[in-house]
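S.K.: Sequence:
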Amino acid sequence: RKLSMQHHPDKNQGDKEAEAKFKEINEAYSTLSKPEKRREYDNPNPFDELFGFDGGDAIFGGNNPFNVRRQRSTVNRPIRGKDLKYVIDVPLVKFIFGGNEELHVEYLDVCVDCSGKGFSSSKNCPNCKGTGMITKVVNNGNVHMQSSMACGACRGRGEIGTEICNTCEGKRVSAHKKDKEVTIKANTRDGEVIRFEGEGGNGLNGGPVGALYIKLRMVMPKAKNFSEEQKGQLIDIIN
Numbered sequence: 001r002k003l004s005m006q007h008h009p010d011k012n013q014g015d016k017e018a019e020a021k022f023k024e025i026n027e028a029y030s031t032l033s034k035p036e037k038r039r040e041y042d043n044p045n046p047f048d049e050l051f052g053f054d055g056g057d058a059i060f061g062g063n064n065p066f067n068v069r070r071q072r073s074t075v076n077r078p079i080r081g082k083d084l085k086y087v088i089d090v091p092l093v094k095f096i097f098g099g100n101e102e103l104h105v106e107y108l109d110v111c112v113d114c115s116g117k118g119f120s121s122s123k124n125c126p127n128c129k130g131t132g133m134i135t136k137v138v139n140n141g142n143v144h145m146q147s148s149m150a151c152g153a154c155r156g157r158g159e160i161g162t163e164i165c166n167t168c169e170g171k172r173v174s175a176h177k178k179d180k181e182v183t184i185k186a187n188t189r190d191g192e193v194i195r196f197e198g199e200g201g202n203g204l205n206g207g208p209v210g211a212l213y214i215k216l217r218m219v220m221p222k223a224k225n226f227s228e229e230q231k232g233q234l235i236d237i238i239n
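Numbering of the sequence shown is given in this note's numbering, commencing with residue 1 and proceeding in unit increments.
Note that these hints are calculated values from the structure, not bench results. Quantities reported herein were computed from a predicted structural model and do not represent experimental measurements. Any given hint could be a false lead.
Lysine-lysine pairs mimicking DSBU-like chemistry, simulated, CA-CA at most 30 Å apart [stated by the list, open to error]:
(1) LYS180 x LYS215
(2) LYS180 x LYS222
(3) LYS215 x LYS94
(4) LYS94 x LYS185
(5) LYS85 x LYS215
(6) LYS94 x LYS178
(7) LYS215 x LYS177
(8) LYS171 x LYS123
(9) LYS85 x LYS177
(10) LYS129 x LYS171
(11) LYS177 x LYS94
(12) LYS185 x LYS136
(13) LYS85 x LYS171
(14) LYS180 x LYS85
(15) LYS136 x LYS123
(16) LYS222 x LYS94
(17) LYS222 x LYS85
(18) LYS215 x LYS185
(19) LYS215 x LYS178
(20) LYS94 x LYS180
(21) LYS85 x LYS178
(22) LYS185 x LYS85
Given only the sequences and the hints, what does the whole structure look like? Please build it.
M.R.: So, in structure tokens, the structure goes:
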């Protein structure tokens, strides 16, 4: 309250910086004083870690599409799925002559059944009437300011869930399995990375699927399994 009084427009007439600070303080107070907004503040979104939003690895530029302070166009924009990266061990003989290896992994990704919404059925948000945006008018003496922002009740979607998704239980992410046969070409080098476009994580809001990257790590055979002649041949091949 002290900060609010300090930066109040009536005490700082014509000071744009003080006016902006006053709005910021009031918005913060409004967020922390209302239980439902406090819960949003205290409970981070599961997509923050999944996609690296706001301080993560910035796969999507650090823009969290579920941040209620962002415009609806940002909230609902298509977002490419995350890239999956794995390392598989491959015997030396397959690096030399070629062969196949199997990849079996489990990972968290956007729930396919609810497209990452967390609910299986919905209705128009009563707060924004389904528009996803709310308009605020601030009267300061003779000055009337109007601004639009993403609806906090529905997070800019324009809809709210009426039935929780059974697959992800409302978490919007679920466990996925991937089984992939990887073909190693003859004379492949240790550490080579193979890229499979469209086989990574699921996108959001109709965004494209990410890529799958597999790094090949050479596993050397035990020397005791080779005769002296085979050891000599192996050294010749490697060199």
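S.K.: Evaluate each hint against the coordinates.
M.R.: Here's how the hints hold up against the structure:
With a C-alpha separation of about 13 Å, the suggested pair LYS180 and LYS215 falls inside the 30 Å cut-off, and the hint holds. Under the criterion of a C-alpha separation no larger than 30 Å, the hint pairing LYS180 with LYS222 is consistent with the structure, at around 27 Å. At roughly 14 Å between alpha-carbon atoms, LYS215 and LYS94 fall within 30 Å of each other, so this suggested pair holds. Taking the CA atoms of LYS94 and LYS185, the gap is near 8 Å; set against the 30 Å cutoff, the hint holds.
At most 30 Å may separate the alpha-carbon atoms for a hinted pair to count; LYS85 and LYS215 meet this at roughly 8 Å. Between LYS94 and LYS178, the direct Cα distance comes to roughly 22 Å. Compliance with the 30 Å bound is thereby established for this hinted pair. A distance of roughly 19 Å separates the Cα atoms of LYS215 and LYS177; the hinted pair therefore holds under the 30 Å criterion. With a CA separation close to 19 Å, the supplied pair LYS171 and LYS123 stays within the 30 Å bound.
In summary, the hint linking LYS85 to LYS177 is supported, as the alpha carbons are separated by about 14 Å, within the 30 Å threshold. Note on LYS129 and LYS171: the hinted pairing holds, with a Cα-Cα distance of about 25 Å set against a maximum of 30 Å. Pair hint LYS177 plus LYS94 holds up; C-alpha atoms about 26 Å apart against a cutoff of 30 Å. A distance of roughly 62 Å separates the Cα atoms of LYS185 and LYS136; the hinted pair therefore is violated under the 30 Å criterion.
Taking the CA atoms of LYS85 and LYS171, the gap is about 23 Å. The hint holds against a cut of 30 Å. With a CA separation close to 13 Å, the supplied pair LYS180 and LYS85 stays within the 30 Å bound. Pair hint LYS136 plus LYS123 holds up; C-alpha atoms about 23 Å apart against a cutoff of 30 Å. This hinted pair checks out: LYS222 and LYS94 have alpha carbons roughly 15 Å apart, not beyond 30 Å.
Distance restraint check for LYS222 and LYS85: the Cα-Cα separation of roughly 28 Å lies within the 30 Å cut-off, and the hinted pair is therefore satisfied. Our distance criterion of 30 Å between C-alpha atoms is met by LYS215 and LYS185, whose separation comes to about 13 Å. For the given pair, LYS215 sits about 16 Å from LYS178 by alpha-carbon distance, which is consistent with the 30 Å threshold. Distance restraint check for LYS94 and LYS180: the Cα-Cα separation of roughly 17 Å lies within the 30 Å cut-off, and the hinted pair is therefore satisfied.
Under the criterion of a C-alpha separation no larger than 30 Å, the hint pairing LYS85 with LYS178 is consistent with the structure, at around 12 Å. Between LYS185 and LYS85 the CA atoms are separated by roughly 20 Å; this keeps the pair inside 30 Å, and the hint holds.
Going through the hint list in order, the structure does not satisfy hint 12, though it satisfies all others.
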